[in-house]
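S.K.: Once you have looked at the hints, place chains X and V on chain L.
Chains as they are written, first to last, in this note's numbering: chain L, 7 to 331; chain X, 416 to 818; chain V, 1128 to 1467.
It should be emphasised that the hints constitute simulated quantities derived from the structure, not laboratory data. From the three backbone atoms N, C-alpha and C, an ideal C-beta is built for every residue, glycine too. Incorrect hints may have been included.
Taking beta-carbon pairs under 7 Å as the criterion, some of the chain V residues facing chain L (in silico) [claimed, not checked]:
no., residue
1, 1240
2, 1299
3, 1462
4, 1464
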Amino acid sequence: MAEMTVLEAVRTTLAEAMERDDRVLILGEDVEAGGVFRATDGLAGRFPGRVIDTPLAESSIIGVSIGLAHYGMRPVAEIQFADFIHAGFDQLCSEASRWCYRTCGDAWLPMVVRAPWGGGVHGGQHHSQSIEAYYGHIPGIKVVVPSFPADYRSLLQAAIEDPNPVLFLEHKRTYRLIRQEVDGAPAETRIGRSRIARRGEDVTIIAWGLMLHEALAAAEQLAAEGVGCTVVDLLSVQPLDRETICEAAKATGKVLIVHEDTLTGGFGAEIAATIAEEAFEYLDAPIRRLCGPDIPSMPYHPAMEHFFMPDRERIAAAARELAAY
Amino acid sequence: MTVVTMPQLGESVTEGTIIAWKKAEGDLVELDEPICEIETEKVTAELPSPVAGRLGRILVPQGETVAVGAPLCEIEEAGVPAGLPAADAPASAAAGAPAGEAGAAAGTGAPSRRRFYSPAVQRLAELHGIDLSQVQGTGLGGRVTRKDVEAFAARQAQGAKVAPTAAPAPPVAAAGAGPAPGGPLTGVRRTIAENLERSIREIPQAWTMVEVEMTALLARRDALQQRMAGRKVTALPLFIAAVCSALREHPVLNARFEQGELRVSRELNIGVAVATDWGLVVPVIKDAASLSIEGLAARLDDLVTRARERRLSVGDVEGGTFTVNNTGAFGSIASKPLVNPPQVAIVTLERIVRRPVVTGEDAIAVRPVANVCLSFDHRVMDGLDAGRFLATLKARIEAGTFG
Amino acid sequence: MTSMANPETGGGTHPGYPLTREQLIEMYRYMVLARRLDERMMTLQRQGLAAFVIAGAGQEAAQVGAAMALRPGVDYVAPYYRDLAVNLVFGMTAREAMLNALGKRDDPNSHGRQMPAHWGNRSRRIVTQSSVVATQLLHAAGIALGARLRGEELVVFASCGEGSTSRGDFHEALNFASIHRLPVIFFVENNGYAISERTEKEMAVEHVADRARGYGMHGAVVDGMDAVAVYQTVKAAADQARRGGGPHLIEAKCYRLWPHSSDDDDTRYRPRAELEEWSKKDPILVMRGRLLEDGAATEAELAELETSVQEEVREAAQWALQQPDPAPEDALGFVFKEAD
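Pulled out of the complex, with its shape left as it was, chain L reads as follows (with noise of 0.2 Å):
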């Protein structure tokens, strides 16, 4: 084990979980052929009649997935980008997430869906969204949004393992650019718990996936001027990890919440909701969020997408104000 980048970390996990037992299983579109990410590349080859492919339907995908997972399999379903995710939001939304509860935990679903998710990828309108507000809000589903390649080797077992519907987000333009050195390095284990990733006195940033990246950048070029950022790498969407996202707040009493996916309704507003509620008298300064601009995701042009996505410039000088207020 060594130095790993987030790809990697998601492959490597997916072998060893179907190395370590045999109910798991994947499937997608092109999954027997490694995936257009190569995220399963190899896999089919090494585990024969586990990778299967199907058939252009996202609904399949789910609804064949709670099938085996009632079964008593652990299915791994890929969905070829979050953006497609939709037509397969009634299997999410009006079957999965309520299986164990409409039957009082007589029945549960064992099952993953995994799906690559945001932009910076030249992707355009449907091959850079963000999703983690819409199924977030759904109770019965977990959603994990990790950062790190270590996280997302924790966080993925942890997920397979989980007797629940878990949505595991991955976010693709950092499925090559980040990488770690997963000896030693932080893993989070359990869903439902976020990290502080750095500590400063003056400002707290709360993150998730490429944005927690650019935001430990900015903090690092902040610390120089002087202003101390507690970072915040929120990991887990549902369960929502209350308790450190409000220990966070407190320590600064100023919180800029940074999320590509657009401002109004995403998933920065449930967030600050729970920090006003549940740390006001702590609060010097109102709860700030920098987020993607309310239009329907991100255009094609690298001038419009960089104009939508936050990047450290801007997270800095968010934070600056901030921390001047």
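M.R.: Quick look at chains X and V alone, frame taken from chain L:
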């Protein structure tokens, strides 16, 4: 409050001359209304007011030339109160200790956030028992931030360093602030402590003293007492009148020094230290130079009474430009007062005692004399200025030529 | 019809039938039980004691015929809301049916969390269903895939109405099951109405089963009012599917004798004459007549059976009404399954 500055009325212009003021102090001014006429190398033009409000102090008189950017006058915008409201708690001071005037609002034109307290700030203030009006704000618009309160609390926890001065400690009667009881400082005492710390921390202070023969002053005091039966008249109002007279000749002592800028005040707002049983307070006699001795006496009486009854208003304790402390009332014959920032000087009148003095060539007589002590901010003036002021003061008092 | 040895019972089928006399009577009993339960539920609803009823009246023959061709406890069923009779064959009791109708705390299907007729019972291999139609067809495909991967020989029986066949999930499920040759019986109970819409508004083909060819799977149309015919069709299909023959699409032509639900006024859209005509072909009446005619049962036996069923239903309703309702805070819990 908006400070109107000398505009740059042309590229490469560096200064301008006020040809005429079109408005007087106290006049209402509308937005864009011309307030003065300015002449530069390039052009002569009217200066349209950048805000609507009331013209406050005119800082540059007609005929004077100042650099581009220099302050010309102050305009109180409509709806914005004059200066900065002091605490709900009485603005504190110590005799010779700095008056606890609230920190200035940052900048010109930006709305003051001085009194806007966030939940975190209020919680911490309550937790530590801090009077927020005493906390300097470093946030946006002068806002008191969480860190400001934490720093304040930390300093508090280290204990107040009360500067050595005769005045406040012993004489303050009975229950109330007085000397701090055991335990952490609270309330007015803490505020006083904070201000004293600030004085020591910020101002390099020097001290000097003269002996003054008080015969003439006391004679005038007696005459005044007769005219103002029904009121107890002390030497203090006469002393204040003499101080005003001397300050007119030595205006550098009647100034405020803030953020590196010395602003000599045209008005003499004399703060007078009053010991009450709830603490020391320094109400201000505004525009003392314009008052007669009777007026001074009456005003002083009123302020002292209201101070003791805790009925001073915010306006009563702010805007001071110089402070007088009647330390002699408690028997002191010499004391080292602490300058009250942002003022630059403070004077005491020590106890008037009868002493043998040398008269004429070598005769000895008994005369009433008192020491007059002066502490001053050495950054903005030297011993020469201080000495000259005291010399003038002494001369006026001894000659009785004041008021 | 010639006598056929029934491989399940090892022989002794009633002449002209693929089932024994006992099985035929049992078949009839299930049909009567289903109908009496539906009637009781509807009465309770009109009395204000039950909020909502959605019945399978008119479809008992199709349901019982199909269910008895399967193996309860081994095969899986993913039923739809009208399939009370299927559930009874797979082990649900009259008492449980009444608990479900009243939304009672101890209803094993969903403990009051879902509307009535939303079936589910893991140990009986009845797959939990929602109100969204046709989603269960994909679940059925997934279960079948799992069983096949595990080498467990079984079929999954997934039923729905003909309205469901318009949904994307129906087509996706047929497609998926066909591609992977999964042991699924897609059983469409075509009762002529999707609430108020007749079949021609739901499809341009005459038979739902015609679509089977389009997906590369077996298709069959059967008279859904004839329990024995349905039994035979489903049995043959299940046997074949179990052996790896791939999925089947079986369309049972039925008729919905009652309105869509307790909230539906079918006089708005259904001609009375049509209803009267079909009522004469009530599958329970038809079955009763056949049993007597073909000597599979006597009048006395059937009368006694009917009385006993009536009593069973009456007792079940009475008992269920006494059972506790869910507490308000019973709404909480089981959002997630806790890990062991």
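S.K.: Can you name, in rising order, the numbers of the hints this structure does not satisfy?
M.R.: Every hint satisfied by this model.
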